[in-house]
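Q: Chain residues, written in single-letter form:
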Amino acid sequence: MTNRYNVQPRTTRIAVLALTVVAMSGCSDKLFSVTNPGRIQDDDLNNPQVVDALVTGMSHDFSVVHDNNAVDVAMLSDEMAGTGNYEETRLEGRGIARREDFNYNYEALHRARWVAETGIERMKAIEGFTYEGNRLSGRANLFAGMSNRMLGELFCAVTYDGSAALPKSAAFERAIPFYEEALHHAELAGDQALIHAALGGLAQTYLALGDGAKAAEYAAQVPTDFVQFALYSPNSSDEESQVWSYTHGRNEMSAYNTFAVIADDPRAPYTDCTDGSCKAAESADGSSPHYRQEKYPEVGSDIPVVKGTEMRLIQAEVAIQAGRVDEAMQHINEVRSVHGLDPLNASNAESAMEVLKQERFLTLWLEGRRLFDLDRWDDPFLQGGTIFYPGVAERARCIPLPETECDTNPKVACTV
Amino acid sequence: MTFSFKETTHARSCRRQAPIGRMLTAVVSMALLCNAPLTAQQTGTIQGQVTSGTTAEPLVGAQIVIESSGIGTLTDNRGKYTLAAVPAGQQEVTFRIIGYGTETRPVTVTVGATTTLDVQLYEQAIEMDAVIVTGTAGTARRREIGNSVAQVDVQQIETSPISGVSDVLQGRVAGVQILGNSGMVGTGSTIRLRGNKSISGGNSPLIYVDGVRLTSRDYGYSDEMAQAASPLADLDPNDIDRIEIVKGAAATTLYGTEAAGGVIQIFTKKGAAGEPVWNVSVDQGINRMGHVGPESDISGMNLNDCTVQVPADPTCPESGSWLRDGYVQRYNLSVRGGGETMTYYVSGNVDSEEGVIPTQGASSWGARGNFSFIPSDDLRFQFNSNYVRRDINWVPDGSNAEGFITNVLRGDRGSTPDNRDLEALDLELGTATHRFITGLGVNWTPMASMSHRLNVGVDYSNSEYTEYRPWLFYYLEDGNRRNTQRTNRVMTLDYSGSWKTSLPASLSSTFSWGGQAYDDDYVLLSGYGEGFAGPGDKVVDSGARTESNENRVHTTSGGLFLQEMIGWDDRLFLTVGGRWDGFSSFGEDFGMAFYPKLSASYMISEHAIWPEWWDAMKLRAAIGESGRAPGPFDALRTWSSVSGDEGQPAVTPRSVGAPDLGPERTREWEAGFEAALLNGRVTADFTYYNQKTYDALVPVQPMPSSGLGVFTQLRNVGEIQNHGTETMLSFIPVRTDNVNWDVGIRYATTQSEVVSLIEGLSSIYIGWRNEARPGFALPSYFHNAVMNPDAVGVEPIIENDQYIGPAYPNSTWGLNTSIALWKSLTLTALGEYQGGHYLQNGTGYQQMRRGMWVPCQGVQAEYEANPDNDKFAGLRAGDVAKCIPDYSGYGIWTMPADFFKLRSASISYQIPDSWLGERLNSATVTLQGRNLLTITDYDGLDPEAAQDGSSALYRMEYYNIPPFRSYIVNFRVAF
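In order, the protein sequences belong to chains R and V.
Here the numbering used here = 1-based position in the first sequence + 164.
Here the numbering used here = 1-based position in the second sequence + 3.
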């Protein structure tokens, strides 16, 4: 019965083996090669016509994390009470900064830095793109400077590309040349707003480095009405502001019992939701009164990053440190007049400093800056101050290097 | 006519002769090769009917073969058969159908006469000559297979309450773990075969229907409902004939990449020769929720009774309860019949099932046509097509401020205005699906020693997910609408051939070869609009602001396999094989994957010294590899187009990429035995397995300070180990003409352990406090725990980052029994225990924080009443830690979730033939119940309730509607 078919199995076997050999050879690469649309391959960015989108991407990546930082700083500092449902918000409200709760802040801020810094190198190398004097070159350097400065302001220590932990000053020092180069390109391009932003960044950074003279020198060159924003928009979920979301969307933090309520100042507007004017009278923790911030009333409300009013306060702070109280109050009152507020007086440096601290609270409210101010001033609030929850013995004065950096960077030992 | 068991023994001794001849005969009978030409003068005819010895139901498609002459046929759609041209004289006729013990009967054939031979077959869990096709190259008999294979014959559980494929498998197969997830109708179950073995690649098994691979994607998860609909639920259980399950890599090697999670193959009913036989099945019943939450909360957490809460809920229904009895109705009509060259099975169904929460429910209708065309003895075409349309209305659920039960349970502390919880149901969530599965199978047996099988098929699905907040919706005044369309097409091309030869010294060879190719094309289109101008029904572009998304993913894969099986004397079988696999998502530097396999089976009972009462005993062992592929973009460094600076085009990094990325591989060895004793009245199946997943795809986080730490980079670095046992024991304590009582016990253990990740990486966070950590099960809970729970009068000591326990059960028991009386009354019950795992009672924790968890209210009152300088007086630290928000945490609310559930019970009555009249063949009425009893110490809503259900690796309960009970009356008529 099988004899009649003896040839066929042998033939089949040979065919199968041949097919196997073919399939195991290089043909398989093409056989299983598909192209999926939607994503952009890395090499495709090396195109002069993509630079605009690349730099807008730098702005996007900075904005995406800046609102998160503003939320966390608000709760870790005395700006807002953490009254949320999330465990992190309640802990932050008590001044507790756990490493594991700030992974994203560090990762995304480093992404913003990396995108800007590597983008600058890419822009220099792109054939057909003129780097020198280009407004886009200035913007790219500005975002590199801003990201590094924020790394320094927020975190107790910083790392770069797997380095050992470095002091905050390393981030500030890294920011300076980017700001200077931003200024250089902005001046060549004649972009006034970019010039002011770069100057403002330099002022902020030198203040952080403790070089008041240089800080004041740069600050003085920025007009009081200048504002540079991190941009938000209802246009896409990526662009929505988390500050709005945490206060209007989910009631995770409240102005209840904060200085904003005491001050009743137009720079720190809020709504007392307990009168029934909001969706819920309580915060998400189910018990705290919800006092909703109104500085950012829309999901697309932009968050200032550099402001002329801050520059005046930098000048004022430097003046106080030098004992020039009258000059300081002049700068402070210039800021107040912008907001239609009556001038204030101070008889000595100490009282002027108290005024300055309150003015910085109100002027920079919910802009992600307050924690570093408290740290710089070694403010008593950090010694166990309380807004709403019982304060811990010592509140966090900065954000520790996060858990993910500790876990992945062998040069960092996060033992405490 | 009754059957003498002695004849089974005779059949076994008969099988000991001429193994190759018997194998060939089996092939012949499988391929429906029929009568050898003999002259009428020398022959006679045998005819009769094959029925179930338990229920007297006719058995359709049973094989009848006279092995000595190769004459064979199948029973028709009334269980009847005719063997024509049988050589006159004494003959041995063998009757065989999957799920039943094989019987061989002697008969004397008289020249020119017709002899009647009716046979009753009895169910038998293990039959060594049963044909199996899953995990094998071509077909194989159970005796030849070196790995464990489970079979579920759906005809045997016809009286059980089955609403979907997962119900068929639940509790019935050791090593198959099914968790129910939710009490929303339409929710997919979590299915695991031998536990979790992948951190990032998914752990669900591959599903095939009649040789066509199904999509492995859910119909879209959404945060709002916290569950996903399962494509598996599209299959009408009435259409299922049997299911084969191979659970590990040792058995799934020939499926290659993607098969590490096991393979479940579903076979649907086929036509059978004969006049058309119609079957009607009608279900009528209710879904009912019992008391929700702690017994001490008499209101059932406002769900059972919404009248007692303060302040009142003005929208509390007139009935005083948010729960309702959901009406269940299912109708199925099928017909099967055909002639010698063409048979058909055609069916249609309409189902409608209400959930226990108002507005929740699902409805579906479908049609199936399975056609067989047999143009010649050696060629068979099988064309199967199935279309299903399904609509599911969800309610917002789970971790969701808009969730319905979140708001009901939280009373006036929910997000609904003025505690008007009915408004939560204004958020409309729906999934509407179209599903079309079609396939053509060709079996060509050019000669008895050679066969070819070709399957070509497609699984096409389109699902539409809609999420609609109407204008003036309380949570978003201007309203919004999202519409997400998912279209998925999975194409299968599968060929295999085998060639059997006889070798000297009682040796035989079966050489097999083949290959498969799969093409998976997935398109997601989503539109979103918000800000409606006024009332009325809306579409996406009614919104003042709109957003859209498009996502396209196309993957291709395929491979070739070769396999050689050497048999000796039809009792020892050694199989060696390998598969070469390519996959479009492998990195460009990777190349192809190779998966080897080696297995052996030994029918030790074939030896003459083996005791007669021990019918069959097979020892087996297998080792093999299978894999799981990375995602389509994991190997590539890519950027995404996004919007920045308020609507300007921008790019942002999307994936890090790894050019050498390949599949993760699971290497498994297993060993065990299968036994049948006492004429098939006792069967046992035991397996020990040990799996090691190496080159595991681990999401490794680059250092944040490198700038890419916000992403994870999939790399082949980890190792995960699973080992366990599977025991299946079936026995029939009583079998008489009028009483048949059978009992089945299944027990499985699964010990999982993450062996390593990557140096320096101590943990991967899976979600909701579930982590993958070396030394612990995948995944396990880590969070805070109270260290001095039994101390009284002192402050609780809370430690963070404590190991709590595994998130998945590590042992399961399944117990079933059925008693058939007078072939007309059948009682069944199926119970299941799952244990060894933990579940986070997120609902309890959140309710406690709001002072609304009744079991905590006593402790909270006492704590409040205690003086400030002695807050802990008289209180256990464990109780303070659990009930006082300042100390409590999710970890403290994560607890053992062992449970026993009475999955089903039924009583079925087959109406006597004398009552049926001439037109009806049979009629049965069955009372069925599901989830009738739950025994557990877990204090949350339900030990199976889980956030994100089938779409997540983590487990966590958080305001998820718990599974309900069902009471169904089923009417089944054949005519």
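No lab work stands behind these hints: they were computed from the structure.
Mixed in with the good hints, there may be bad ones.
[Unchecked claim] With beta-carbon atoms standing in for the labels, derived distance ranges: (1) ARG299(R) with GLN805(V): 33 to 41 Å; (2) ASP216(R) with LEU528(V): 58 to 66 Å; (3) GLY539(V) with GLY292(R): 46 to 54 Å; (4) ASP889(V) with GLY374(R): 36 to 44 Å; (5) PRO449(V) with GLY202(R): 22 to 30 Å; (6) GLY202(R) with ILE748(V): 48 to 56 Å; (7) GLY877(V) with PRO433(R): 45 to 53 Å; (8) GLY326(R) with ALA864(V): 52 to 60 Å; (9) LEU528(V) with ARG299(R): 32 to 40 Å.
[Unchecked claim] Covered stretches of chain R (chain V as the covering partner; in silico rule of three or more C-beta atoms under 8 Å from a C-beta of chain V): (10) 215-222; (11) 272-281; (12) 516-525; (13) 568-575.
Positions of the beta carbon are idealized from the N, C-alpha and C atoms, including for glycine.
Q: Next step is simple, just say for each hint if it's right about the structure.
A: Structure-based check of each hint:
1. Take ARG299(R) and GLN805(V): their Cβ atoms lie about 55 Å apart, and the range 33 to 41 Å is violated.
2. The hint said 58 to 66 Å for the Cβ distance between ASP216(R) and LEU528(V), and at roughly 28 Å that hint is violated.
3. The hinted window of 46 to 54 Å between GLY539(V) and GLY292(R) holds, with their beta carbons roughly 53 Å apart.
4. In this structure the supplied range 36 to 44 Å holds for ASP889(V) paired with GLY374(R), their Cβ-Cβ distance being about 39 Å.
5. Look at PRO449(V) against GLY202(R): about 48 Å separates their beta carbons, and that is not inside 22 to 30 Å.
6. A beta carbon spacing of about 51 Å between GLY202(R) and ILE748(V) agrees with the range 48 to 56 Å that was offered as a hint.
7. The given range of 45 to 53 Å is respected by GLY877(V) and PRO433(R), whose C-beta atoms sit roughly 48 Å from each other.
8. For the pair GLY326(R) and ALA864(V), the beta carbons lie near 54 Å from each other, so the given range of 52 to 60 Å is met.
9. For LEU528(V) paired with ARG299(R), a C-beta distance near 37 Å keeps the hint of 32 to 40 Å intact.
10. Here's how the region 215-222 of chain R fares: 5 of its residues keep a CB closer than 8 Å to some CB of chain V, so the rule of at least three is met and the hint holds.
11. Counting residues of the region 272-281 of chain R whose C-beta sits closer than 8 Å to any C-beta of chain V gives 7, which meets the bar of three, so the coverage hint holds.
12. Residues of the region 516-525 of chain R with a Cβ under 8 Å from some Cβ of chain V number 0, which does not satisfy the need for three, so the listed coverage is violated.
13. By the rule of at least three residues with a Cβ nearer than 8 Å to a Cβ of chain V, the coverage given for the region 568-575 of chain R holds, with 6 such residues.
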